Amino acid sequence: MFLEVDELRAGYGPVQVLHGISLHVEKGEIVTILGANGAGKTTTLLSVSGLADITGGAVRLRGKDIHTLPADEIVARGLTQAPEGRRIFGPLSVMENLRLGAFTVKDRKAVARTLEQVFELFPRLSERRSQPAGTLSGGEQQMLAIARALMARPRLLLLDEPSLGLAPLLVKAIFETVHAINESGVTVLLVEQNARAALKLARRGYILEMGRIVMEGDAAALLADPGVQQAYLGG
Amino acid sequence: MDQLFQQLVNGLAVGGIYALVALGYTMVYGVLKLINFAHGDLFTIGAYLGLTLFVAMGSAGTLPGFAAVLPVAVMVMGLTALLGGVLERVAYRPLRKAGRLSAVVSALGASIFFQNAVMLVWGANYEVYPEVMRPSAVIFLFDTGVPLIRLLIIGVSLLLMLTLYGFIHHTRTGTAVRAAAIDQGAAALMGINVNRIITLVFLIGAGLGGAAGIMVGMSYGQIDFSMGFSYGLKAFTAAVLGGIGNIPGAMLGGMLLGLIETLGSAYLTIAWKDAISFLVLILILIIRPTGILGERTAEKL
Ligand SMILES: Nc1ncnc2c1ncn2[C@@H]1O[C@H](COP(=O)(O)OP(=O)(O)OP(=O)(O)O)[C@@H](O)[C@H]1O
Ligand SMILES: [Mg+2]
Chain H
1 MFLEVDELRA
11 GYGPVQVLHG
21 ISLHVEKGEI
31 VTILGANGAG
41 KTTTLLSVSG
51 LADITGGAVR
61 LRGKDIHTLP
71 ADEIVARGLT
81 QAPEGRRIFG
91 PLSVMENLRL
101 GAFTVKDRKA
111 VARTLEQVFE
121 LFPRLSERRS
131 QPAGTLSGGE
141 QQMLAIARAL
151 MARPRLLLLD
161 EPSLGLAPLL
171 VKAIFETVHA
181 INESGVTVLL
191 VEQNARAALK
201 LARRGYILEM
211 GRIVMEGDAA
221 ALLADPGVQQ
231 AYLGG
Chain G
1001 MDQLFQQLVN
1011 GLAVGGIYAL
1021 VALGYTMVYG
1031 VLKLINFAHG
1041 DLFTIGAYLG
1051 LTLFVAMGSA
1061 GTLPGFAAVL
1071 PVAVMVMGLT
1081 ALLGGVLERV
1091 AYRPLRKAGR
1101 LSAVVSALGA
1111 SIFFQNAVML
1121 VWGANYEVYP
1131 EVMRPSAVIF
1141 LFDTGVPLIR
1151 LLIIGVSLLL
1161 MLTLYGFIHH
1171 TRTGTAVRAA
1181 AIDQGAAALM
1191 GINVNRIITL
1201 VFLIGAGLGG
1211 AAGIMVGMSY
1221 GQIDFSMGFS
1231 YGLKAFTAAV
1241 LGGIGNIPGA
1251 MLGGMLLGLI
1261 ETLGSAYLTI
1271 AWKDAISFLV
1281 LILILIIRPT
1291 GILGERTAEK
1301 L
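First to last, the protein sequences are chains H and G.
In terms of the working numbering, the first sequence opens at residue 1 and continues consecutively.
In terms of the working numbering, the second sequence opens at residue 1001 and continues consecutively.
There's no promise every hint is true.
Listed below are several chain G residues computed to face chain H (Cβ distance under 7 Å; list not exhaustive) [stated by the list, open to error]:
1. G1174
2. T1175
3. A1186
4. A1188
5. L1189
6. G1191
7. I1192
Now the in silico label distances, taken between C-beta atoms and shown as ranges [to be verified]:
8. G:R1100 x H:N37: 27 to 33 Å
9. H:G217 x G:S1102: 54 to 60 Å
10. G:L1120 x H:R129: 54 to 60 Å
11. H:R196 x G:T1171: 41 to 47 Å
12. H:G138 x G:I1139: 53 to 59 Å
Simulated coverage check for chain H against chain G, where a stretch passes if three residues somewhere in it have a Cβ under 8 Å from a Cβ of chain G [claimed, not checked]:
13. 23-29
14. 58-72
15. 87-96
No wet-lab data here; the hints were simulated from the structure.
In this text, all values refer to a predicted model and were calculated from it rather than measured experimentally.
Note that the Cβ used here is the ideal one computed from N, Cα and C, for glycine as well.
With the hints as extra help, turn the sequences into a complete structure.
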């Protein structure tokens, strides 16, 4: 198993948010986590990345425990994240943001190559490379957040609501980009509000309610499920 | 005219010292949102270590030549940096999640500890830097005599500041320091070891403070265990003046405060010398609490 979350309990300090969730992602897959606001989707991704307080269970990457590692070492093992709210470094230039994304990569030539590929994927970022990231439009900031997470050449990419707040045309572009990233060999764990689009893109999905997984299955099956349709696909 | 030029040089020299100390406050504030009250004491320790090491480098009761100042300064910067790193580990890191008030109490405790340690080791009386460390040469610039030592201090403090600026803005690690000051969680998601960055910031700040301590001894001669309090307060004012959390702001704020204070006491009244910085502090807090360069305060480290 590529990523395995096993009976994970986690939260923030004394607040417990996840009450024992289990999920897995196989190599090459796109897997999506759906759920209402406050269900614990972001907490799940932050736990996997080492930024939440884990009180029980385990997270394993290619069979090795990673829930005991600090966040920076998890990145070094090939797992990166474009977090909720983008969290780009606003006062720093686009280029500086991207170079920070490659912080764990020591080989300069490799960084230059990745940078070229990322600019191919997001030509807009190339045009704006010396601009402070905070002056980019919302869509461009989202592209930067994804691009930055790609700079470390991850094997597993976590995306937390990449389409949030974007115009429909841009949402489509972001989903196409995620598809292209996956085609290039990166496994993706995707959290989305846009459940329909996410299920169309993903192979499998999990539904999270109040810190518990209540349903899981093939994306197509979830799309066809009346309960899922009513709760997450607008009837 | 002569007098004005001399006062400008004096103002820039003391301003350089304020700026170096202010950088320690501002960098720590930038990444931890914490005012390291013990920072002024690291500066005091730098001044004392400078004296002790210099004397120790001589042989058989004779002092070494002025050239020994350079290795002494380097050693002092290394030692105070180390002390800054230990301070962070012992006084701040264990309280990282315990809230701000605990950190403030711990900072005050560390400051009291350092002051008492200085008194224990070096005594409660003031000490005087030997003449060899304080060249009395006067240089003529624009037909005006200015003490060489002042020019030296201006030059060295500018050099240290430029080096720091270059490091922060043009290296990988420096960019990581700026990133950690903006968003520690996001920095960690880049694979940056944020704890290491915090340690680094304490090392650099304390090292610069130590260098400033020697400069005070070399230009004014006299040092005592409480100097960290007055210089610390002024440097803190300088940091706020420039915008706390902002590195170029601390540099600018230090230089400006040095000039304001020197010119103010030369042309208004010397009795008000120390009051001037407090007046400046109060004025900024009223007029522009974010300081000159700090728009979104800590965001622009
Ligand atoms: N830093 C925090 N400290 C304490 N509680 C938090 C923190 N962040 C989130 N929570 C709580 O954890 C719960 C789950 O939040 P989480 O952000 O994981 O939900 P989510 O599924 O991502 O929701 P959304 O769709 O709104 O992004 C919420 O009740 C929230 O209030
Ligand atoms: Mg969320």
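For each hint, the structure was consulted:
| no. | hint | verdict |
| --- | --- | --- |
| 1 | G1174 | violated (10 Å) |
| 2 | T1175 | holds (6 Å) |
| 3 | A1186 | holds (4 Å) |
| 4 | A1188 | holds (4 Å) |
| 5 | L1189 | holds (5 Å) |
| 6 | G1191 | holds (3 Å) |
| 7 | I1192 | holds (6 Å) |
| 8 | G:R1100 x H:N37: 27 to 33 Å | holds (30 Å) |
| 9 | H:G217 x G:S1102: 54 to 60 Å | violated (48 Å) |
| 10 | G:L1120 x H:R129: 54 to 60 Å | holds (56 Å) |
| 11 | H:R196 x G:T1171: 41 to 47 Å | holds (46 Å) |
| 12 | H:G138 x G:I1139: 53 to 59 Å | holds (58 Å) |
| 13 | 23-29 | violated (count 0) |
| 14 | 58-72 | holds (count 3) |
| 15 | 87-96 | holds (count 7) |
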